[in-house]
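Enquirer: Here is what each chain is made of, one letter per residue.
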Amino acid sequence: MDVLDLARLQFAATGSLHFLFVMVTLGLAPLVAIMHTRWVRSGDPEHERMTRFWGEVYVINYALGIVTGLVMEFQFGLSWAGLSHYAGDVFGAPLAMETLVAFFLESTFLGLWIFGWGRLPRRLHLACIWLVTLTAYASAFFVMVANSFLQNPAGALLRNGRMELVDAAALFTNKALVFAFPHVIGVGLFAGGMVVVGASAYRLRRRDGEAAFFTASLRTGVGTAFAGLWVAVAFGYPQFAGVAEGKFGSDRGVATTALAIMMEAGNLLSLVLLALLVTRSRLPRWRWSHPLLIAMTPVPFALAVCGWLAREVGRQPWMIWERLSVADAMSPGLTSGMVTASLVGFVAVLGMLAVADYALIVRVVRRGPRDLPLGATVDEQRSPALSH
Amino acid sequence: MELIWYAVFALLLVGYFALEGFDLGVGMLLPLIGGDQRGRDRLVAAMAPFVLANEVWLVAVAGTLFGVYPMLEGEVLFGLYPLVVAMLLAWVVRDAGLWFRRRADGARWRSFWDAMITVGSLGLAFGWGVALYAAATGFAASLLHPAGLLLGVVVTLVLAWHGWTFLGWRAPEAAGITRSGRALALSGAAAALPAAAVVGGALPYLLEHSAPSPTLSVLSVMVLPFAPVMVLAQVWVWRTFRPGKGPVRTLSFF
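Read top to bottom, the protein sequences are chains A and B.
Every letter in the first sequence is one number past the one before it in numbering that gives the first Met the number 0, and letter 327, counting from 1, is 326.
Every letter in the second sequence is one number past the one before it in numbering that gives the first Met the number 0, and letter 42, counting from 1, is 41.
Because the hints were derived from the structure by calculation, they are not lab data.
C-beta: ideal position from N, C-alpha, C; glycine also.
Heads up, some of the hints might be wrong.
Claimed, not checked - In silico negatives: residues of chain A with every beta carbon more than 12 Å from chain B:
hint: 1; residue: T256
hint: 2; residue: E311
hint: 3; residue: A358
Unchecked claim - Chain A is faced by these chain B residues, among others (derived, beta-carbon under 10 Å):
hint: 4; residue: V55
hint: 5; residue: W90
hint: 6; residue: F138
Stated by the list, open to error - Beyond 12 Å from chain B on every Cβ pair, some chain A residues (computed):
hint: 7; residue: D4
hint: 8; residue: S41
hint: 9; residue: G87
hint: 10; residue: E105
hint: 11; residue: A168
hint: 12; residue: F180
hint: 13; residue: T214
hint: 14; residue: V232
hint: 15; residue: A233
hint: 16; residue: Q238
hint: 17; residue: L267
hint: 18; residue: S269
hint: 19; residue: P290
hint: 20; residue: R314
hint: 21; residue: G332
Kindly generate the complete structure, drawing on both the sequences and the hints.
Expert: Here it is in structure tokens:
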């Protein structure tokens, strides 16, 4: 592999890993916020347990979203300095907004939500998780604005060898963005819903208590996954109107295959999810269905990676469609040795953390909604370590 | 407008050192003053509510660098390639240590992640000294220049002192010392001083390399209206988690 392939592999590996965790964040954040709202309204301890259990899954998953995201943000400057040099005046703006307006607030409010348990007034505490959800979606929006500019460089003109922003409105109403953003949101809800479905099916299958809790969770998960998938499919097809000609030609192997797999599976799954929605009140009792539901849990993740491969590999050899090639976008002077070292470092560390994170989520599901650390008070924990 | 965005960039960078500086300091001090597992738990619990609100200042620095100084973004990060990769990995294991340490039972699990917090905090603090020296010398000198390594040691020590002061303010009984809010402000200023000097010295250079005004206008319209919200959110964190608000019955999540 030459240095360009290595740099692309590094971005693809860290980017795919990042998105696997981000899509769960996007799907679970609104679910946890809704559970929390029900708890505040009803005061029902069962709603509190629901919020804390799925909230625990959500925040453990969030940890990997953060650490992979850090690597993504800095990689632009490390490996793709040519991109900021050529189009940074346009491409940098949405990324700056993502960090300043969205992620800065998201991280601050998440800290308040996690550590403000039992400290903040109930309604302000609830407001925190809704603000986290809102800013997470704003983050996704700005990242998609930046990505869509690469797909279709709208709103910018070439002047003195560099791209300059001339029409901000065109940047935010890019035809590569308007259907892709809701598509990504739908995918997130589909994935978050399927995580809830798979985990609940696992618990119901094992019959080790908490049947009522996981019966309710399963129904919520099926509803969310159904809604998410239908949004994803509905905003999938209109995207073709914005696809540049020749992107998915017969000579473009990986991108076209990935696209075909995603579309075929998406269509088939829409029918499967419809069937699940219709039978959702019976599913908790149908034990035979639980292994199938568990087996379906990884599907949204595999399809999301296919979708990104289609979008990103389909853009090759362009970094910015028909403007800047990936070879020209690479940092001049980057060597195979440098990228190999960082690639090994990132993949090894982030890969191990991802496995550990997955194992920790499984552990939470296995233990079920008891002794939950999120929002735990001194009285309910066996080995107390006071927070100050 | 270039000046406004320079001020935003400088404030974010200086704020990062003053705030995240004490988190890194506490991370380094865990094995030194933490003692047993219970002691380390108390130190981590003291900084835990602040970490998410503090580390995000650096994410904002990087975003601003990309949006406001796109011509420099690649130059700076690529110029420090091995250092940036090492610092990112240090940051990643520090964060993983915080998130993971209490997620499973067992003394070995927790001491492993506590060690990762310390290693990551040390690596990040030392790396900052080297990076600031490189920035001050225009990325010309070797990353292993003795003066850079020396600044790495200095920054590490200053942040450790800042972390210790923070513990004396927030959790005196766990730290074994008592420090006032004013002392914390002073150590925060000291932690931010090297970065402030570098970014201050770079003023003419940064103004010259700002993004063109159409880009800055869009950024101003989109970002500046949210500045009060960002300030309020940060103030809310400090109001909520300041010491001495009566007994708290929640356990620390980190």
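Enquirer: Work down the list of hints and note, for each, if the structure agrees.
Expert: How the hints compare with the structure:
Taking the minimum C-beta to C-beta distance to chain B, about 33 Å, the non-interface status of A/T256 holds against the 12 Å cut. Listed as a non-interface residue, A/E311 keeps its Cβ farther than 12 Å from every Cβ of chain B; the least gap is roughly 20 Å. Remark: the non-interface label on A/A358 conflicts with the geometry, its nearest Cβ contact in chain B lying 9 Å away (cut-off 12 Å). Interface restraint check: B/V55 against chain A, minimum CB-CB distance 4 Å, threshold 10 Å, status holds.
The criterion of a C-beta within 10 Å of any C-beta in chain A is met by B/W90, whose closest approach is roughly 6 Å, and the hint holds. At about 12 Å, the closest approach between the beta carbon of B/F138 and any beta carbon in chain A exceeds 10 Å, and the interface hint on this residue is violated. For A/D4, the condition that its CB be more than 12 Å from all CB atoms of chain B holds, with the nearest at approximately 18 Å. Once the 12 Å rule is applied to beta carbons, A/S41 is consistent with being away from chain B; the minimum gap is 21 Å.
The claim that A/G87 is not at the interface with chain B is violated, since a C-beta of that chain comes within 12 Å of its own (minimum 2 Å). The Cβ of A/E105 sits about 8 Å from the closest Cβ of chain B, inside the 12 Å cut-off, so the non-interface label is violated. Its beta-carbon lying about 10 Å from the closest one in chain B, A/A168 breaks the requirement of being farther than 12 Å from that chain. At roughly 16 Å, the least C-beta separation between A/F180 and chain B is larger than 12 Å, which holds for a residue marked as non-interface.
Separation of A/T214 from chain B is adequate, the least Cβ-Cβ distance of about 27 Å exceeding the 12 Å criterion. Taking the minimum C-beta to C-beta distance to chain B, about 31 Å, the non-interface status of A/V232 holds against the 12 Å cut. A cut-off of 12 Å between C-beta atoms confirms that A/A233 is not in contact with chain B; the least separation is 29 Å. Even its closest Cβ contact with chain B, about 25 Å, leaves A/Q238 beyond 12 Å, as expected for a residue assigned away from the interface.
The claim that A/L267 is not at the interface with chain B holds, since no C-beta of that chain comes within 12 Å of its own (minimum 36 Å). Chain B leaves A/S269 outside its interface by the beta-carbon criterion, the shortest separation being 35 Å against a cut-off of 12 Å. Distance check on A/P290: its Cβ is at least 27 Å (rounded) from any Cβ of chain B, clearing the 12 Å threshold; non-interface status holds. In this structure A/R314 is separated from chain B by more than 12 Å, as the shortest Cβ-Cβ distance comes to about 20 Å.
With a closest Cβ-Cβ approach of about 7 Å to chain B, A/G332 is found to fall inside the 12 Å limit, against its non-interface label.
Of the hints listed earlier, those the structure fails to meet are numbers 3, 6, 9, 10, 11, 21, in rising order.
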